[in-house]
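Enquirer: This is what each chain is made of:
Protein chains: 2
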Amino acid sequence: MFAAGIDIGGTYTKVAIISKKGKIAARSLFETKKFGRFDLWVDKSLSVIKALMELRNIKRNEFAGIGVGAPGHIDSVNGVILALVNIKGWNDVNLLDEFRMRINVPVFVDNDANMMALGEYAYGAARGTRNAVCITLGTGVGSGLILEGKLYRGSFMAGGEMGHMPINVNGPACACGGKACVEAYVGNKYIVRRLIRLFGRHPGSVLEKKFKGRFGEITPKDIAMAANKKDKLALKIWEDTGKYLGVCLAGVVNLLDPEIIVIGGGVAKAGKLVFNPVKKTVRQRVMQVYRHRVKIVPALLGNDGGIMGCAWQVFEKGRA
Amino acid sequence: MFAAGIDIGGTYTKVAIISKKGKIAARSLFETKKFGRFDLWVDKSLSVIKALMELRNIKRNEFAGIGVGAPGHIDSVNGVILALVNIKGWNDVNLLDEFRMRINVPVFVDNDANMMALGEYAYGAARGTRNAVCITLGTGVGSGLILEGKLYRGSFMAGGEMGHMPINVNGPACACGGKACVEAYVGNKYIVRRLIRLFGRHPGSVLEKKFKGRFGEITPKDIAMAANKKDKLALKIWEDTGKYLGVCLAGVVNLLDPEIIVIGGGVAKAGKLVFNPVKKTVRQRVMQVYRHRVKIVPALLGNDGGIMGCAWQVFEKGRA
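Protein chains in written order, with the working numbering: chain C, 10 to 329; chain P, 10 to 329.
Hint data in this document are derived by calculation from the structure and do not stem from the laboratory.
Any given hint might turn out to be false.
What the hints assert, rightly or not - Here are the simulated DSS-like cross-link-like pairs (lysine-lysine), alpha carbons at most 30 Å apart as the crow flies: (1) C:K188 / P:K252; (2) C:K304 / P:K159; (3) P:K252 / C:K198; (4) C:K188 / C:K238; (5) C:K188 / P:K198; (6) C:K281 / P:K188; (7) P:K188 / C:K245; (8) P:K278 / P:K245; (9) C:K289 / C:K245; (10) C:K97 / C:K43; (11) C:K304 / C:K219; (12) C:K188 / P:K304; (13) P:K289 / P:K198; (14) P:K198 / C:K252; (15) P:K188 / C:K288.
Assemble the whole structure, with the sequences as input and the hints as a guide.
Expert: What follows is the structure in structure tokens.
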């Protein structure tokens with residue numbers, strides 16, 4: 010059996026046909042904004058699925074359904090996109106109905122960070138655990154919780170927003186309307202902003218020289234490259250980033266007692282630069298009982314966690 | 010049917026016989042330390058249960074079993090007290106075996122904050138909800154989580170320790186070995202400590218005059234009384250206490266998306282003094298979707314939450 014996993018991104022929509030064992034049989038992507046009206050987007054998605062199935066000779070009776078992950082507040086029971094980050098005009102869209110008008114297979118719509126968590130739980134780093142916290146570090150800090158072997162959605166379908174847990178009583182304003190949220194310390198642009206602010210106090214950074222007059226172009230990847238070349242300021246930025254994330258995770262561990270924390274996303278590609286201070290901070294600050302128990306590991310599925318979770322959702326829920 | 014609820018405290022052990030509907034039929038207490046050896050403590054507990062049953066004419070076949078709540082790290086599957094706060098010599102005690110050697114009824118042993126949460130969920134303020142966070146404010150900050158209609162225990166039976174979530178990156182050392190945990194801001198002695206530290210900067214507090222030379226005797230109750238008489242420093246202490254707790258709760262709400270937060274324990278008796286700033290801070294700092302949804306309410310069962318939860322545990326689990 011196969012399922013389609015669709016990951017709606019602000020820039021690209023990814024579509025993949027995935028086997029029950031978690032193998033990607035075929036994949037493609039298209040620009041989300043070229044099909045910005047959601048009815049056109051659904052048409053396009055279905056035509057891509059059809060083409061991919063033909064490409065791999067997958068028959069209709071081998072196709073279990075479609076899972077969609079979207080970056081926003083999703084009513085997963087009714088398949089409604091309540092509010093979407095980055096894509097205009099998609100608020101209060103019943104995506105489930107849109108699909109159902111066109112195709113007669115099970116369709117599931119959910120939050121993309123939840124789908125990533127489910128992907129890592131079903132096919133990735135959190136496989137075989139019962140309680141897992143999965144995080145994507147990028148522009149924002151997305152996260153999903155697997156509790157007692159199930160995706161935890163919360164009371165109003167809005168649970169798992171670890172990125173918006175405060176790590177300080179006072180601190181920078183966050184895009185969510187809150188203050189001192191961990192995302193306002195470790196989100197992409199905040200990392201870069203902290204670097205730029207520290208140029209004055211730490212003269213001689215290779216990054217200051219290299220990006221003179223165009224600081225706005227600096228990315229976390231550049232900071233990671235500089236750190237790997239032992240640039241002191243870049244090293245400090247990663248040390249601090251890991252520490253901030255670690256403080257938040259220490260609280261999450263004391264609250265939820267998970268077996269494993271899975272960290273993925275662009276920023277996680279900095280590897281040890283971020284994992285080492287995260288692990289150190291968590292070990293220092295969690296209660297003794299957890300100190301040597303909770304595992305902190307990189308995501309295994311990279312950018313495919315979301316589409317894998319979408320497919321698994323179809324296989325699991327489709328059974329019922 | 011009736012069950013016995015036993016709440017082991019550092020000072021007193023409370024024993025009650027409770028009906029399935031949550032009515033306390035009879036109750037008693039004894040000094041825990043007078044029966045400090047756990048085998049003597051079990052003998053005493055059973056003799057109190059027996060006496061209470063005779064008092065109310067409850068027959069053996071109307072007795073469903075015993076639930077025990079203890080302040081520490083408990084292995085609730087095997088009924089083992091792994092580590093206990095405040096009571097020496099009770100580490101690695103299999104309380105379940107001790108009871109079973111003496112009586113043939115179902116016995117359950119669990120963490121006392123978990124039992125309080127279960128009590129509020131079954132008979133108190135969180136009745137009818139699916140996701141609830143229950144907190145006791147006292148010497149420490151105890152808490153228990155009801156998620157998807159079930160007590161959430163975590164992977165190593167140590168979940169729900171909201172008191173040890175950091176609310177600042179830097180901050181005071183906490184008794185748990187961590188740093189800047191919310192308990193180190195809103196636990197009894199920390200509230201008093203903050204007051205004393207602020208006497209210098211806020212001269213004229215009625216508390217400074219009243220307790221001159223014996224600041225160590227000040228309790229949160231005294232601070233509440235002074236605040237109710239509009240003492241400015243006392244008002245500030247409660248405002249800050251509520252704010253610190255609110256910052257922590259904002260994070261918990263964004264992470265777990267609960268319907269309700271139930272707050273009990275001695276410090277909660279300060280009422281609006283602490284509830285108002287907690288509510289204000291949570292509303293200011295949580296994501297918009299929760300702002301007017303999550304309820305923050307006082308516990309309904311007072312100090313009986315724990316024994317009520319113990320009894321409910323017997324009625325629920327005893328069925329299986």
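Enquirer: Each hint should be assessed against the structure and marked as holding or not.
Expert: Comparing the hints with the structure gives:
1. C:K188 / P:K252: Roughly 13 Å separates the two Cα atoms, so the pair holds.
2. C:K304 / P:K159: holds (25 Å)
3. P:K252 / C:K198: holds (28 Å)
4. C:K188 / C:K238: violated (34 Å)
5. C:K188 / P:K198: holds (28 Å)
6. C:K281 / P:K188: Between C:K281 and P:K188 the Cα gap is close to 24 Å, so the pair holds against 30 Å.
7. P:K188 / C:K245: Holds, at roughly 21 Å.
8. P:K278 / P:K245: holds (17 Å)
9. C:K289 / C:K245: holds (15 Å)
10. C:K97 / C:K43: Distance ~13 Å between C:K97 and C:K43 Cα, so the pair holds.
11. C:K304 / C:K219: Since the Cα atoms of C:K304 and C:K219 sit roughly 37 Å apart, the hinted pair is violated (cutoff 30 Å).
12. C:K188 / P:K304: holds (21 Å)
13. P:K289 / P:K198: Distance of about 24 Å is within 30 Å: holds.
14. P:K198 / C:K252: holds (28 Å)
15. P:K188 / C:K288: holds (16 Å)
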